[in-house]
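Position 131 (the sequence shown) corresponds to 131 in our numbering; numbering is contiguous.
It is worth saying that the hints were derived from the structure and are not from the lab.
Computed from a predicted model, the values in this text were never measured in an experiment.
Some hints here could point you the wrong way.
[To be verified] Pairwise CB distance ranges (calculated):
#, residue 1, residue 2, range
1, T102, R43, 38 to 44 Å
2, H118, G75, 19 to 25 Å
3, P47, R87, 34 to 40 Å
4, R90, T68, 15 to 21 Å
5, G117, R25, 18 to 24 Å
6, R90, G46, 17 to 23 Å
7, G76, I122, 19 to 25 Å
8, G117, G46, 40 to 46 Å
9, C128, L72, 35 to 41 Å
10, E32, G85, 30 to 36 Å
Glycine included, each C-beta is placed from N, C-alpha and C at the ideal position.
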Amino acid sequence: MCGEYRAHANDTMPDPPESHSPGPRSPAEVREAVRQALDSARRSRGPGATTDATAVGDVLLVASELTTNAMLHGGGVTAFEVIPGEREVRLSVSDRSDDMPTPVRRAGGPGTLQIGGHGWPIICLLACDIMISYLRAGGKRITAVVPLSPR
Numbered sequence: 001m002c003g004e005y006r007a008h009a010n011d012t013m014p015d016p017p018e019s020h021s022p023g024p025r026s027p028a029e030v031r032e033a034v035r036q037a038l039d040s041a042r043r044s045r046g047p048g049a050t051t052d053a054t055a056v057g058d059v060l061l062v063a064s065e066l067t068t069n070a071m072l073h074g075g076g077v078t079a080f081e082v083i084p085g086e087r088e089v090r091l092s093v094s095d096r097s098d099d100m101p102t103p104v105r106r107a108g109g110p111g112t113l114q115i116g117g118h119g120w121p122i123i124c125l126l127a128c129d130i131m132i133s134y135l136r137a138g139g140k141r142i143t144a145v146v147p148l149s150p151r
């Protein structure tokens with residue numbers, strides 16, 4: 001998926017709606033919000049409904065990496081949204097930076113320990129679709145769609 005994400009023009013996306021509560025801002029808070037949304041969606045499907053544990057782990061990892069990237073490279077999380085569907089989960093994280101995410105290329109051969117720079121490639125690997133939208137007031141929203149079934 002990496003390198004195949006879609007970008008929108010600067011003025012095509014409205015700014016994230018302001019809410020009365022600040023919403024989740026840290027990776028731990030985002031993971032908890034995702035767990036709650038997935039549990040609620042599963043309960044609404046009725047008794048016996050299940051969600052693949054590996055897929056849930058993938059969703060939590062993508063949510064955590066999007067949030068971490070916003071904190072480290074985007075000036076912090078300005079908005080977060082999770083929309084569970086029957087077959088996929090749509091995660092959106094907004095931040096203050098207009099910079100596009102880029103994979104980090106590092107020197108060193110196979111077996112060389114590299115600390116950091118793995119978040120974006122992980123997101124690209126696990127998401128079936130990624131969309132980056134610039135916000136009118138500045139910053140961007142990255143939306144990743146993660147499948148709820150094993151690949």
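Status of each hint after checking the structure:
1. Checked against the given bound of 38 to 44 Å, the beta carbons of T102 and R43, roughly 39 Å apart, stay inside it.
2. Judged by the Cβ atoms, the range 19 to 25 Å given for H118 and G75 holds: they are separated by roughly 21 Å.
3. A hinted range of 34 to 40 Å is violated for the C-beta pair P47 and R87, which are about 20 Å apart.
4. Take R90 and T68: their Cβ atoms lie about 19 Å apart, and the range 15 to 21 Å holds.
5. G117 and R25 have their C-beta atoms about 23 Å apart, which keeps the hinted 18 to 24 Å range intact.
6. About 22 Å separates the C-beta atoms of R90 and G46, a value consistent with the hinted range of 17 to 23 Å.
7. Between G76 and I122 the C-beta distance comes to about 20 Å, which sits within the given range of 19 to 25 Å.
8. Hint check: G117 to G46, Cβ distance near 43 Å, so the stated range 40 to 46 Å holds.
9. Between C128 and L72 the beta carbons are some 25 Å apart, a value that contradicts the proposed interval 35 to 41 Å.
10. Separation of E32 from G85 is about 20 Å and departs from the stated range, judged on CB atoms against 30 to 36 Å.
Checked against the numbered hints given earlier, the structure breaks hints 3, 9, 10 and satisfies all the rest.
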